[in-house]
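Here the protein sequences come in this chain order: A and B. For the first sequence, the numbering used here assigns the number 283 to the last residue and increments by one with no breaks. For the second sequence, the numbering used here assigns the number 379 to the last residue and increments by one with no breaks.
If you are wondering where the hints come from, they were derived from the structure by calculation, not from laboratory data. Since we're looking at a predicted model, the values are computed, not measured. Among the clues, some could well be false.
[Stated by the list, open to error] Derived DEER-like restraints, expressed as beta-carbon distance ranges: (1) A/276 - B/270: 48 to 56 angstroms; (2) B/319 - A/119: 18 to 26 angstroms; (3) B/299 - A/280: 50 to 58 angstroms; (4) A/218 - B/209: 36 to 44 angstroms; (5) B/270 - A/264: 23 to 31 angstroms; (6) A/113 - B/240: 27 to 35 angstroms; (7) B/68 - A/114: 45 to 53 angstroms; (8) B/69 - A/139: 36 to 44 angstroms; (9) B/331 - A/119: 16 to 24 angstroms; (10) A/272 - B/240: 45 to 53 angstroms; (11) B/181 - A/264: 17 to 25 angstroms; (12) B/364 - A/110: 52 to 60 angstroms; (13) A/114 - B/244: 49 to 57 angstroms; (14) A/139 - B/181: 40 to 48 angstroms.
All C-beta atoms in this analysis are idealised placements derived from N, C-alpha and C, irrespective of residue type, glycine included.
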Amino acid sequence: MTQHITLSSHDCQVTADSADQMRAFGARLARIVRAGDLIVLTGPLGAGKTTLTQGLGQGLGVRGQIVSPTFTIAREYPNLTGGPDLVHVDAYRLGSFDELDALDLDTSLDESVTVVEWGETVAHVLNDARLEITLARPVGELVGDDADLDGDAPRTISLHAVGPRWDGVQLTVND
Amino acid sequence: MISDEFARNHSRLSAVNEPLVLGIESSCDETGVALVRGQELLVDAVASSVDEHARFGGIIPEIASRAHLEAMIPTLERALSTADVDLGEVDAIAVTAGPGLIGPLTVGVSAAKALSLATGKPIYGVNHVIGHAAVDQLVHGDFPDEFLALVVSGGHSSMLLVDDIATGVRELGSTLDDAAGEAFDKVGRLLGLPYPGGPHIDRLAREGDPEAIRFPRGLTAAKDQAAHAYDFSFSGLKTAVARWVETQRAAGKELPIEDIAASFAAAVADVLTAKTIAACDRNGVDTVVIGGGFSANSQLREMAQQRCTEAGITLRIPPIKYCTDNGAMIAALGSSMVTAGVAPSALDFGVDSSMPLSITHV
Numbered sequence: 109m110t111q112h113i114t115l116s117s118h119d120c121q122v123t124a125d126s127a128d129q130m131r132a133f134g135a136r137l138a139r140i141v142r143a144g145d146l147i148v149l150t151g152p153l154g155a156g157k158t159t160l161t162q163g164l165g166q167g168l169g170v171r172g173q174i175v176s177p178t179f180t181i182a183r184e185y186p187n188l189t190g191g192p193d194l195v196h197v198d199a200y201r202l203g204s205f206d207e208l209d210a211l212d213l214d215t216s217l218d219e220s221v222t223v224v225e226w227g228e229t230v231a232h233v234l235n236d237a238r239l240e241i242t243l244a245r246p247v248g249e250l251v252g253d254d255a256d257l258d259g260d261a262p263r264t265i266s267l268h269a270v271g272p273r274w275d276g277v278q279l280t281v282n283d
Numbered sequence: 018m019i020s021d022e023f024a025r026n027h028s029r030l031s032a033v034n035e036p037l038v039l040g041i042e043s044s045c046d047e048t049g050v051a052l053v054r055g056q057e058l059l060v061d062a063v064a065s066s067v068d069e070h071a072r073f074g075g076i077i078p079e080i081a082s083r084a085h086l087e088a089m090i091p092t093l094e095r096a097l098s099t100a101d102v103d104l105g106e107v108d109a110i111a112v113t114a115g116p117g118l119i120g121p122l123t124v125g126v127s128a129a130k131a132l133s134l135a136t137g138k139p140i141y142g143v144n145h146v147i148g149h150a151a152v153d154q155l156v157h158g159d160f161p162d163e164f165l166a167l168v169v170s171g172g173h174s175s176m177l178l179v180d181d182i183a184t185g186v187r188e189l190g191s192t193l194d195d196a197a198g199e200a201f202d203k204v205g206r207l208l209g210l211p212y213p214g215g216p217h218i219d220r221l222a223r224e225g226d227p228e229a230i231r232f233p234r235g236l237t238a239a240k241d242q243a244a245h246a247y248d249f250s251f252s253g254l255k256t257a258v259a260r261w262v263e264t265q266r267a268a269g270k271e272l273p274i275e276d277i278a279a280s281f282a283a284a285v286a287d288v289l290t291a292k293t294i295a296a297c298d299r300n301g302v303d304t305v306v307i308g309g310g311f312s313a314n315s316q317l318r319e320m321a322q323q324r325c326t327e328a329g330i331t332l333r334i335p336p337i338k339y340c341t342d343n344g345a346m347i348a349a350l351g352s353s354m355v356t357a358g359v360a361p362s363a364l365d366f367g368v369d370s371s372m373p374l375s376i377t378h379v
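Please put together the full structure from these sequences, using the hints given.
Following this line, the structure appears as structure tokens:
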């Protein structure tokens, strides 16, 4: 079923039952973002932050396989289709920095869509307007035999828009 | 009597066969400058800023750029004086053009371009990941006609099919999410170990039972063989470890940290080696080269040696100092390019932080 979500400062939630659905959500998100937008992704290890970003990157049409930015802190993906580039940041270790200048990015954030994981402590210095997305996964050990550890588990996606940029913006997702 | 022209041509020819190549590496936190003649390593000078990053729990790009800037000239001078080589004697300059961190890459590439302009010597902007395989020539001699390279590090996990390291490298697969070393660092974080987590997990794993907990092996199921036979995924494994640890903590149980480390390390080594051996079989290749910082991991080394021996595959892993980032790997790849007659890079090339493996040099 198709669901239309009007973004606002009130939290709204959708669910993704599998990694593919998380990527599909990211691809839907690609339809409403534009250059200069900031998305702050929050959620525990293994919540699906990079998976969502993979879908977003595919939707935007950027070059290359989107992988975890943790080791390099930031990865930049040039756009091959004329749209904005994607900047994917892991801010976990940037807590002590006031500005993201420390990232030494080549791409201008004004010309890119920027996704910041673990960004709650630094995002405010980046952009007053931002889309905050919080991912939650089930807690605790998976039950059943060992093979189930490989299986997908549902994720809850909570959306919280900050700033007038998002006024009236509608996101369409397939439930 | 030998004419001057003949002498000049002769010296040019010998330069192509046994070129003296300066290699510069600065893609991450090590500043590396090395000299290679043919495939003989003359000197490998490295300066690391890892201590400066450790207090932040990982590399901070801006700090790395500054450290490269400060270390570049002293490291170059050290390399030249140790090898007793004058810059004018160098036949070519090779430098990492990507992938890596933008700022650090720019420092190395700018230095290499300046040296190329000043000396008039050709410059080669090369792919860092392919350098991790190329370096093994310096240790174990010429490569066979065809081999499989597994490059594993904090930022990369890729499988390459190589028929010529300078001109014939094909990417078979790569990680779809976390690199092997990255997964180790994340699990280290989860277990409260200092950064970088890799060496700590390696040490703890040697004291634990690798079969204590059965963690998942990503992309090894039959259904994944069609599309992802050569790809890796360590994200699901990392999540499984996180959830297992959460459950233990919630139940107030003490964490069997050695067993977690051993079971996790075994899962990573199992996937890397099983897929590599299967790839050899599929492609009719009997030599494997493993490179990159994560090839220092002892669980991977042991399992790779055991499984390659069983499968009748020759395994080549350079000593650990050549597995981590260094100038020797870049000089070795540059030397192979000069010898193969590859045209040098135009002086206006830029760095490429996400350079794909389809590009061996720019």
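Please write out, lowest number first, the hints stated earlier that are contradicted by the structure.
2, 3, 9, 11, 13
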